[in-house]
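Trainee: Take a look at the letters that make up each chain.
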Amino acid sequence: MADIDETQTGGLIEDWFARRDWQSFDFQREAWAAYARGESGLIHAPTGTGKTLAVWFAALNDWLERTHDLAATPPLKVLWITPLRALAADTARHLETSVQELGLNWTVERRTGDTPSHIKTRQRKNLPSALVTTPESLSLLLSYAEHPKLFAALEAVVVDEWHELLATKRGVQLELALARLRALRPALKTWGLSATLANLDEAADVLTGGRPVTRIEGMQPAETHIRAMIPATIERFPWAGHMGTRMVKPVIEAIASATSTLVFTNTRSQAELWHQAILRARPDWLESVALHHGSMDRGLRDRVEAMISDGRLACVVATSSLDLGVDFSPVDQVIQIGSPKGVGRLLQRAGRSGHRPGVASRIWCVPTHAFELVEIAAARRQVEAGRLEARRPLTGALDVLAQHLVTRALGATRDGGIKPETLAAEIRDTHAYRDLGEAEWQWTLDFITRGGAALSAYPEFQRVAWVDGCLAVTDRQIARRHRMTMGTITSDAAMSVQWLKGGRLGSVEERFIAQLSPGDVFLFSGRMLELVRVRDLTAYVRSARRCKHHVPRWAGGRLAITGTLSEAICGILEEARDGQTEAPEIRAIGGVLAVQRRWSRLPASDELLVEHVTSREGRHWFFYPFAGRLAHEGLSALMAWRLARMRPATFRFSVNDYGFELVTSSRVTFTHAELRDALTTHNLVDDLLTCLNAAELAKHTFRDIARIAGLVFSGYPGAQKSARQVQASSGLVFDVLRRYDADNRLLAQAHTEVLERELEIERIRKALSCIARQSLIVTEPPRLTPLAFPLWVERVASQVTTESWRDRVERMTQSLEKAADNKKPVNAAK
Amino acid sequence: MASLAVTLANEQLILRADCSLFWPTRSTLFVADLHFGKASVFQQHGMALPAGTIGTDLERLTAALVDTGARRLVVLGDLVHAPPAPDAPWLAELALWRNQHSDLVIDVVRGNHDRMLNTPRELGVDTFEACLIDPPFVLCHEPAPFERGVCLAGHLHPVVRLRDGSESLRLPVFWQSSAGIVLPAFSSLAGGALVAPGPVDRLYAVAPDCVVEVSAQSGQRRRQKAPHRIDR
Numbered sequence: 001m002a003d004i005d006e007t008q009t010g011g012l013i014e015d016w017f018a019r020r021d022w023q024s025f026d027f028q029r030e031a032w033a034a035y036a037r038g039e040s041g042l043i044h045a046p047t048g049t050g051k052t053l054a055v056w057f058a059a060l061n062d063w064l065e066r067t068h069d070l071a072a073t074p075p076l077k078v079l080w081i082t083p084l085r086a087l088a089a090d091t092a093r094h095l096e097t098s099v100q101e102l103g104l105n106w107t108v109e110r111r112t113g114d115t116p117s118h119i120k121t122r123q124r125k126n127l128p129s130a131l132v133t134t135p136e137s138l139s140l141l142l143s144y145a146e147h148p149k150l151f152a153a154l155e156a157v158v159v160d161e162w163h164e165l166l167a168t169k170r171g172v173q174l175e176l177a178l179a180r181l182r183a184l185r186p187a188l189k190t191w192g193l194s195a196t197l198a199n200l201d202e203a204a205d206v207l208t209g210g211r212p213v214t215r216i217e218g219m220q221p222a223e224t225h226i227r228a229m230i231p232a233t234i235e236r237f238p239w240a241g242h243m244g245t246r247m248v249k250p251v252i253e254a255i256a257s258a259t260s261t262l263v264f265t266n267t268r269s270q271a272e273l274w275h276q277a278i279l280r281a282r283p284d285w286l287e288s289v290a291l292h293h294g295s296m297d298r299g300l301r302d303r304v305e306a307m308i309s310d311g312r313l314a315c316v317v318a319t320s321s322l323d324l325g326v327d328f329s330p331v332d333q334v335i336q337i338g339s340p341k342g343v344g345r346l347l348q349r350a351g352r353s354g355h356r357p358g359v360a361s362r363i364w365c366v367p368t369h370a371f372e373l374v375e376i377a378a379a380r381r382q383v384e385a386g387r388l389e390a391r392r393p394l395t396g397a398l399d400v401l402a403q404h405l406v407t408r409a410l411g412a413t414r415d416g417g418i419k420p421e422t423l424a425a426e427i428r429d430t431h432a433y434r435d436l437g438e439a440e441w442q443w444t445l446d447f448i449t450r451g452g453a454a455l456s457a458y459p460e461f462q463r464v465a466w467v468d469g470c471l472a473v474t475d476r477q478i479a480r481r482h483r484m485t486m487g488t489i490t491s492d493a494a495m496s497v498q499w500l501k502g503g504r505l506g507s508v509e510e511r512f513i514a515q516l517s518p519g520d521v522f523l524f525s526g527r528m529l530e531l532v533r534v535r536d537l538t539a540y541v542r543s544a545r546r547c548k549h550h551v552p553r554w555a556g557g558r559l560a561i562t563g564t565l566s567e568a569i570c571g572i573l574e575e576a577r578d579g580q581t582e583a584p585e586i587r588a589i590g591g592v593l594a595v596q597r598r599w600s601r602l603p604a605s606d607e608l609l610v611e612h613v614t615s616r617e618g619r620h621w622f623f624y625p626f627a628g629r630l631a632h633e634g635l636s637a638l639m640a641w642r643l644a645r646m647r648p649a650t651f652r653f654s655v656n657d658y659g660f661e662l663v664t665s666s667r668v669t670f671t672h673a674e675l676r677d678a679l680t681t682h683n684l685v686d687d688l689l690t691c692l693n694a695a696e697l698a699k700h701t702f703r704d705i706a707r708i709a710g711l712v713f714s715g716y717p718g719a720q721k722s723a724r725q726v727q728a729s730s731g732l733v734f735d736v737l738r739r740y741d742a743d744n745r746l747l748a749q750a751h752t753e754v755l756e757r758e759l760e761i762e763r764i765r766k767a768l769s770c771i772a773r774q775s776l777i778v779t780e781p782p783r784l785t786p787l788a789f790p791l792w793v794e795r796v797a798s799q800v801t802t803e804s805w806r807d808r809v810e811r812m813t814q815s816l817e818k819a820a821d822n823k824k825p826v827n828a829a830k
Numbered sequence: 001m002a003s004l005a006v007t008l009a010n011e012q013l014i015l016r017a018d019c020s021l022f023w024p025t026r027s028t029l030f031v032a033d034l035h036f037g038k039a040s041v042f043q044q045h046g047m048a049l050p051a052g053t054i055g056t057d058l059e060r061l062t063a064a065l066v067d068t069g070a071r072r073l074v075v076l077g078d079l080v081h082a083p084p085a086p087d088a089p090w091l092a093e094l095a096l097w098r099n100q101h102s103d104l105v106i107d108v109v110r111g112n113h114d115r116m117l118n119t120p121r122e123l124g125v126d127t128f129e130a131c132l133i134d135p136p137f138v139l140c141h142e143p144a145p146f147e148r149g150v151c152l153a154g155h156l157h158p159v160v161r162l163r164d165g166s167e168s169l170r171l172p173v174f175w176q177s178s179a180g181i182v183l184p185a186f187s188s189l190a191g192g193a194l195v196a197p198g199p200v201d202r203l204y205a206v207a208p209d210c211v212v213e214v215s216a217q218s219g220q221r222r223r224q225k226a227p228h229r230i231d232r
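Taken in sequence, the protein lines are chains P and W. Position 807 of the first sequence, counting from 1, maps to 807 under our numbering, and the rest follow consecutively. Position 207 of the second sequence, counting from 1, maps to 207 under our numbering, and the rest follow consecutively.
Chain W extracted, bound-state conformation (with noise of 0.2 Å):
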């Protein structure tokens, strides 16, 4: 799987094709938008959309940690669709997938998703509510120019349409502007809006296999500013 390194404030990132991005200096790995449990709201209200994703999800999470050698994870926000009930079957799993990666420090900061959860003992992970320091970046869920720090953000879901003739392709994207780097979403679950980008900031097109660096121009949208509409 071939990655993409950018230097940012200095410091050398590696954007992954598993939409996962690794900070070597740190070793940590960030993800964005999990939205663990999402199939079971849906279940929940009588949509029958499969359960199953989240196993498919925390493969990927290992193989990426497993890759990199990474020793911390950071969610970057909405680490889970809704609050989960106590005896959810997802949440289960999810337990004992942290207790496979005992060593590992998570810490997650807070995203819109998360604002409810009550965060289980057993998932020893740390929450941040708003966003947190760790220089010279800020780690939040929404981004926003800091000025303590450029931020590494999701939130958006940032996908791009690419066109050639009557072929079309949606792919997601980090979406580097001057603010910082937004994380396409990890979840296989998640939909994506497409990005509006300035003209002086940089998208980088996630494949399946592969990181490629596209025009910021092939996925530009005419519109005046960033869509919000992010569960699609």
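So that you can see chain P by itself, here it is in the shape it has in the complex (with noise of 0.2 Å):
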């Protein structure tokens, strides 16, 4: 790293620090030197280790080197993209403050959904000399025709968390957005603050379009700690979910012993019940214990979010809504209920603690079933090896671009439109769409100008029309809904809800509490609610004193685990046959895994086992590939109806993480040829097409899509009559085009993203080439095994109400542990 002399800090940087008696890292003195070179960067590293004084301070830096007037407060020179509208105040603070202590006149602003109207139309006339904002107030802001004179001035752009953003599709809108930004300022630098990946060059890649970029790596943290509650007993025949909340005393032992404690869930509904279940044990903590989800209204957020800064909360129960955000420092400790899912997901959350450079994070997990202490082994075991996963940019995505060629004509209409040619050239300058082929580019000209490229299906359309060779929206109405409906997240239809007397407690979806009667009485934002009536898209509800209860379910809750924590697991438990463990989980679930070596097997990695058992339900037969459930999803439907091919028999299914189960009421048996056959890569994609009613998924699929791409509308405050003459369902459009379009591309790119998303069928087709090399073990256990189990709690959860299957795997639970404790001889046979 070049030495920097005091010229080139400009002074005030290096005053800055040696009055807090603070010293500059190497890491944030190599970022100043790059960006003085006029060098795009990416910093990767833990939350909290000082990337945004890094970027900050050299772009502030660079000012100082060149300005004649230390006191000037310049145009637009920095801007801030940060994915969360929450982080952004706190970013915006945190750069001000700076500013202020050197005593410059630069100006800071923010810019997001939550501005007031009145601030964003003088910022349209004059941005601040630093900006704060998300992808989709950056995208609104393009498609204002002054836009090009308010980044006039514009030196740098900094992502922030760019991770989080890198493989969506607002990741996407980003990258198109950035593409305009370089068009108008060729020497723009970017910059990325990233966690670290796995794909750190790709990352970078994605960020400039190609670019060059200064990889640095920032400040790593001391060391990581992640340890297992691990419980005093342990049940062998867990099922997923509910063993959760007898670990509730160590928890609450555990945030007793620290001064600020995070208590991370993988579900909104896992949250409710223990924020439930922490106070019902501990009512003392009512004041001190808050709960924290995405579906709680905004302001109730914000008011945790600052108690936590402010070091008011003793424990906040939250789902992913706190993986990222403000600077949590007066929490010492978290806590994570249930798998961790991913190695790079563990360490963020370990991060919210010891927010300081240098000092360990702590991290401590709570298994919800006995192998879940597997996996938490396996977690550590891949941190240690600093294994994380990728994040995959997306590339191509049709509807996305839609938006944005619409975007920008609209941005350009006052000064005549803008050129395809320049339009063309501008977005090909993007990671996502470099490879876009003429006709996909094509399509999509002709898909905002004439709807489709059918000519006769759209005889009336118009959205953007053509003048003198370029792209404009001249429909003041078009004009504004687009402004309206901007951006890529979508949600599914919520239904607020609301005290009677008034006040706004969140949001849940319509589903549940179409479910509902009123009288009924559920739990959610931490309270018991008894619903009173439904109106509008709003359900009232007051405090309710009976306490059984109903906890919605959030759809989501489908994260399947990475292939990365994977290995790791399939590791271990080769191991853990061969005798080989030290972990102190694998030694503690020792009984649960001789059980299952007893019965069955533990498979080693050039295994596949497969245990076929029979019982009154039928025949079934669990595999184990261990692909995450996403793709078991796929692989039992495709191994259902392979087999259902081979001979006549009706499977019902399950899934899990590990595993999935087919069952069949039919007397029917399968050889080993015959398995190995239905596990062949040999037609997989249209196997899979075929059994899984493809259309069915792809329509859900469609529904972003159609959004998006602006084939449907659904409405915005205060045009509810007028919007409603324009309202249907992404479903009806999604059949109508099917018919009468059929070579629509959106309907094709809703099928790619079934595949690639919903199934993942990269890791269907790797598990399947993977179990091709390896060797096919069948055994009949007497019985479900601790690895089956599981799958058939997730099956018979699906098919029977809450109230019974509870009763029914309680008692199922109780056979089988005293099964197990009888020693029965089995007959395992190869």
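Keep in mind that a hint or two might mislead.
Cβ-to-Cβ under 7 Å is the rule here; a few derived chain P residues that face chain W [stated by the list, open to error]:
hint : residue
1    : 452
2    : 457
3    : 461
4    : 499
5    : 711
6    : 740
7    : 741
These aren't lab readings, by the way, just hints derived from the structure by calculation. Glycine included, each C-beta is placed from N, C-alpha and C at the ideal position.
Mind assembling these two chains? They're in different frames, but the hints should get you there.
Mentor: Here it is in structure tokens:
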């Protein structure tokens, strides 16, 4: 690293550090030097390690070097992109404080969906020296005619938490906006701040559309300690999700021993249940334990966040809603409930504690069933080895492209519109559309100007008009609606939850409320609520006295375990089989693993274990490819379909992260060779599309695509009546398109997205090629093994009501425990 | 295509799997909620919904007329989605169809979408503002109890959701209550609203090739009153 002399750091900044008795870190000085040379960069390090200051002071330093007037207030120099609105406020405050302390007259403002409209209007005339904003708000700025003037002095764009945006459509939207900014300011510097990823090169490439990027490794935390909270007794037949709350006691002890604790859960319902369970055990904590999840009202969430920052809370139970976000320095302990699901995810959560450079972060993991102990040991192994997941950027999404083209046409309309050639060159300057084919480009142009490629289908279509060979939006109503609906975040139909007397609590999915009758009690936002009535997409509630309740089940929670994690799980199971493992978690579940081994087998990494069990229900086959639940969903449907083609049978199936179960009431059997045949990669895509009723799945994915591409309009406040006339469900649009414009490329995109994202076809393919090299071990255990039991529960759970499956599962657990104690011999056959 | 005969006010009515209802005594075919020109409205607002459904819907209507031999067609409201421009392409298509069925009597009860409609003369239809009394029936758009008879109505676009385990089906229904029968929407561009049947109501689900009575419980959504969101 080059040494930085006094003049380069402007003196002011060195003084600033000196006044605090701080030392600037090597990586920070490295970033300042690279910035001063006009380079773009990517800094990767965990949150809270001074990445912000590294780039921010680089920009200030560069300006100090070149300005003639230290007291000047420059026009927009730095654009700061953050993925979360909540982060924007914190970042703006952070930047502003340092500007004031340096005695500069830079202005710092933010612009997000929450910014009042009079400020937004003022900003459209004059932007501050530094603007903190979101990808959506940036795109929106590009839709205004004055945007070239606003960005005329822009020096740098900083993308915070780039890893969060990278693999999403929001990331693609940002790529497009950045390409526009580069077209306006060719010397623009782009700096990304990211957590560590396996594919940092790719992340850098996407950030600048392939221009050179200086990669800087930030401060790494001293260590990350991952420890499991091991229960005193371990059920040998645990079932997903319910062992958790038995761990309340040790969790409460841990909370009591720390100053401030974040408890992370994997789903919103789990967060509600844990919040409730903690308060039931410690009613005296009412004031110091809070809940935080994405469905809660924004104001409530903001208050909770402020209270954590101030150190006024002893504990917050949260979902991924707090994975990112403001600096919570008082937090000194993190607890993860349930499977970590991914290595990077666990590290990110662990990083929310000990938020100081050089201080170890600690995380307690609380298993909700016995096998999660294996996952915890696996996650620790990967963290120690530095093996993290990659996040793959998306390419070629035509829905996002269509939206951006309309935005650009709209932004250019006052000046006579934009030539398609100019636009094509600009969008091909992104990673996402670098390889966009001419046919796709032409189709998207047709889509926004004529409705689609089929001329006859859209005789009255108008959206983007051709004006002298340029694209422009001439209809004011269309312009207005486009601006109202921009963005790529889509949500399910949500129903607002409000007190009868006024005051909003948050929102739940409409489907959940539809299952309730007035008078029913449910748990939401940490309170027992009684449903009073439902009107106009609002559920009115009051406090409930009774405590028998429902917990809203939100869609989602379908997160699959990552490949990096499942690799380590397989490795650990193999070592456990060979008696080689030292991890305390594995010792703790030795009993469970012993039963698994005695009744069936602990698979080695070159084996695919298949368990065949006969019960009153019929014949069950349990397969354990360890490929994650999404891939298993595809695999189970594929296997059922292929096997049923060999012998007529109807299969039902269930999946989890480790494997899947097929069950049939027919008395069929399959030979080794037949099972092998069904596990081939041959004809994979065609077979999958046939057996999965791909049209139905695609229809579901099409919801988001339709909204992003502007095919459906969900209305906006204050215009409900007139908006209603142009409302149609995306399902209907999907059907009509299939019939009257079957070549519509958005339909094809829906199919691709189903395969790649819902079913993780790459993982299915990888799993099957892996299986092709493995030996197939079929065992016939006397009854359900510890690996099989959670799968059985999963299937039963989807069949009968909550009350009775709970009873049934508990009864079943008892009878299996007894059988395990009897140590009967087993007939495991290879 | 299997139809289903029901008796209402001592009259036999045929519920058809194309979402129309036939009254043999008067040789009258009823349809509700055609929403002609819906795709156009979307297109004018910049949303690329393909046209073409009007052709399909007119073919379905022709087939129903041929099949029943009906001499009169009653549209129970919402003939159009919005008042058309005089040169709207679909209007020409509709006029051509009318020309091919010149002997047919067409009565249109105005629905909420037809309020501003100036019916072009070449369509040769009679429109009625509130309702049309055709004993023992009251023909209207929005269903309501009438003293002068039981109603045949539309407006609600009733659908029912049938479930079996993880399988779920959404089908249009004829919804019979003490007030009368609500027809499902005829338009292939219509969404639907789940019905909220009372305990004595009867539901006749329209499958692609038949009409089947389903238990009112299966479609029941535990809500206080019928939802009135219909255009989704």
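Trainee: Each hint needs a verdict: does it hold in this structure or not?
Mentor: Verification of the hints:
| no. | hint | verdict |
| --- | --- | --- |
| 1 | 452 | 6 Å, holds |
| 2 | 457 | 4 Å, holds |
| 3 | 461 | 4 Å, holds |
| 4 | 499 | 19 Å, violated |
| 5 | 711 | 6 Å, holds |
| 6 | 740 | 4 Å, holds |
| 7 | 741 | 5 Å, holds |
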